[in-house]
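Asker: Taking the hints into account, I'd like the entire structure generated from these sequences.
Listed below, chain by chain, are the residues.
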Amino acid sequence: MILDLFNYWIVVILMMVGLFIIVARGNLVKKIIGLNIFQTSVFVFYISVGKVQGGSAPILSDSIEVYSNPLPHVLILTAIVVGVATTALGLALVIRIKEAYGSVEEDELQVIDNQ
Amino acid sequence: MLIHLPILQVIIPLLGAPLCLMVKGSRFVWGFTLLVSLLASMISVALLWQVEANGTLSYALGGWQAPIGIEYRIDILSAYLLLIVSCMSTIVLLGGYRSIEKEIPVSNQSYFYVAYLLCLAGLLGIVAAGDAFNVFVFLEISSLASYILIGLGKDRRALWASFQYLIVGTIGATFILIGVGYLYIMTGTLNMVDLAQRIPSVSESTTVLVAFAFLIVGVCLKLAMFPLHVWLPNAYAFAPSIVTAFLAASATKVAVYLLFRFSFGVFGIELTESILPLHEVFIGLGLAGVFAASLVAVFQQNIKRLFAYSSVAQIGYMIVGYGLDSVAGSMASLLHLFNHALMKASLFMALAAVVYRLGSVQLKDLAGLASVMPWTAAAIVIGGLSLVGVPLTVGFVSKWYLVLAALEQDLWWVALLLVVGSLLAIVYVWRIVEQMYFAPSTSGDQSDGTREAPIGLLTALWILVIANIYFGIDTRLPVGVAELAAEHIFGGRL
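Which chain is which? The protein sequence lines are U and R, in order. Using my numbering, the letters of the first sequence map in sequence onto residues 1 to 115. Using my numbering, the letters of the second sequence map in sequence onto residues 1 to 494.
Source of the hints: derived by calculation from the structure; they are not laboratory data. Using N, Cα and C, we set each Cβ at its ideal position, and we do this for glycine too. Any given hint could be a false lead.
Said to hold, decoys possible - Per label pair, the in silico range of CB-to-CB distance: (1) U:64 with R:24: 51 to 59 Å; (2) R:62 with U:77: 16 to 24 Å; (3) R:27 with U:55: 55 to 63 Å; (4) U:60 with R:205: 26 to 34 Å.
As the list claims (entries may be wrong) - Facing chain R, a subset of chain U residues (Cβ under 10 Å, in silico): (5) 35; (6) 71; (7) 90.
To be verified - Below, simulated SDA-like cross-link-like pairs (lysine to any residue); rule was C-alpha separation at most 25 Å, straight line: (8) U:98 with R:167; (9) R:154 with U:105; (10) U:51 with R:187; (11) U:98 with R:105; (12) U:51 with R:205; (13) R:154 with U:107; (14) U:30 with R:230; (15) R:364 with U:113; (16) R:154 with U:99; (17) R:154 with U:112; (18) U:51 with R:186; (19) U:30 with R:157; (20) R:154 with U:101; (21) R:154 with U:29; (22) R:154 with U:87; (23) R:154 with U:95; (24) U:51 with R:207; (25) U:51 with R:209; (26) U:98 with R:157.
Answerer: Rendered as structure tokens:
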């Protein structure tokens, strides 16, 4: 039973791991990594959804009867691009924060701001 | 040409963005951006006019008919939002040149305009798209652009605020993505009209309820609904002044639109009303937002931050209208979208003028402002009165309708709390007025040549201020359209 839904269990675990890192870690780079894990879990979710049991890759051929659903895969390609852009922008901000504050630790930033 | 207006609305700013990089000279880039934004607002006026005359427009992208193809769907609600977003963007840009020139380093100015147009394109796209996944993509386009715009603020805290917004915003957008995924699993479609038709047959399933939960929480994160508002005050306070004026007038409004669209347009009234106790939850959270944010605003020393908290409070009013779950409540909420965009745009534009001349928005530095910058100070007063909801301003109109909507359901305590909440606004507006008009001017002010803001900034500011008064007296346009839009979403005709 558990193995039947193996992908979805992984999705849930990854999602929780990602969210936990975002909330619990003070290092901004680690927060970005957590965000990435969180987003990746959704990618895995979409890809698993598109798979049809016994289905083949959705390339038209006479010998194949059952195809997997390509739509979620296409959607998630777009979401992956968005994820990459977010990561890039996030890391660029981290670099600027490091230059401006001399730190990338959340608690230290708060101390500096409150001075 | 006319038939392509829905796509042109989105594609013109989207294509205008990279073209900004080819234009040399900051004045020309500004002119070009203004032109693009002006075109977008002209299209939005034409669309509103068409929709009012002929009903909902559907545009099949690339000639592929919905539901297979991607559909852009402009109904009266979308047309109304398109008008708000594109017109606010144009007016803010019109007055923004000198302020942008001063606050953004020259080397970054063309990138600033690129990000600005991308943000505009994203916001317009969210409203125009009739496809749930496209909403997510446009949401991310506008969000990524707004992280950049906020991060361009002069103060280094802008970077930190932008980073926090990036984290929260991405979590919100990913929640929306998960919600859309669940809906696709259950219905096999992404088209909103199709979704609305297929959801009733599966509305008993937990998956649909979970999808609803993810979508609503995701949207409420973008919306800065209390208690998910933590990212907003710093982002607004430290962003460049023009960016604050633009985002305050457009970004949260579009998120409110999504809340209406998903809950009434996609999931349908039956699901939203009967299965989940959203009614009470949203009225409660909305009122909590009004009071909590207004109280915090009273104690702010930084005026931009003060008005940012007041934005959270005003969003509370819209949430109450949504929570009332009636045509009257939705109408009041949609009307407040328009009116709040007007008042916050004029207030933040006035603050842009203050920053331009004084270089500070600390309350203590505003002492005696009325004697050196009378027009700006007067604009802040009128904007503030509108925020409080004094008759003859737009703020009064939307609060009037909101109170009526609450009384219609015999929720007299809600009506009472709404009025008391407005009284809190008097307190924080009065603190500013007192400082500007009655505090003795600090000696340095006159000698260092502080004078009235540049004429471009003042023109845009006073267009907004006059609109604040005009639409407070002649309420036909916003009330008429908001009423149509509310009836439209409640009629279930997407």
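Asker: Compare the structure with each hint and give your call.
Answerer: Consistency of the hints with the structure:
no., hint, verdict
1, U:64 with R:24: 51 to 59 Å, "56 Å, holds"
2, R:62 with U:77: 16 to 24 Å, "18 Å, holds"
3, R:27 with U:55: 55 to 63 Å, "58 Å, holds"
4, U:60 with R:205: 26 to 34 Å, "33 Å, holds"
5, 35, "6 Å, holds"
6, 71, "8 Å, holds"
7, 90, "5 Å, holds"
8, U:98 with R:167, "17 Å, holds"
9, R:154 with U:105, "21 Å, holds"
10, U:51 with R:187, "16 Å, holds"
11, U:98 with R:105, "20 Å, holds"
12, U:51 with R:205, "22 Å, holds"
13, R:154 with U:107, "22 Å, holds"
14, U:30 with R:230, "21 Å, holds"
15, R:364 with U:113, "20 Å, holds"
16, R:154 with U:99, "14 Å, holds"
17, R:154 with U:112, "17 Å, holds"
18, U:51 with R:186, "15 Å, holds"
19, U:30 with R:157, "20 Å, holds"
20, R:154 with U:101, "14 Å, holds"
21, R:154 with U:29, "23 Å, holds"
22, R:154 with U:87, "23 Å, holds"
23, R:154 with U:95, "16 Å, holds"
24, U:51 with R:207, "19 Å, holds"
25, U:51 with R:209, "23 Å, holds"
26, U:98 with R:157, "12 Å, holds"
In summary, this structure violates none of the numbered hints.
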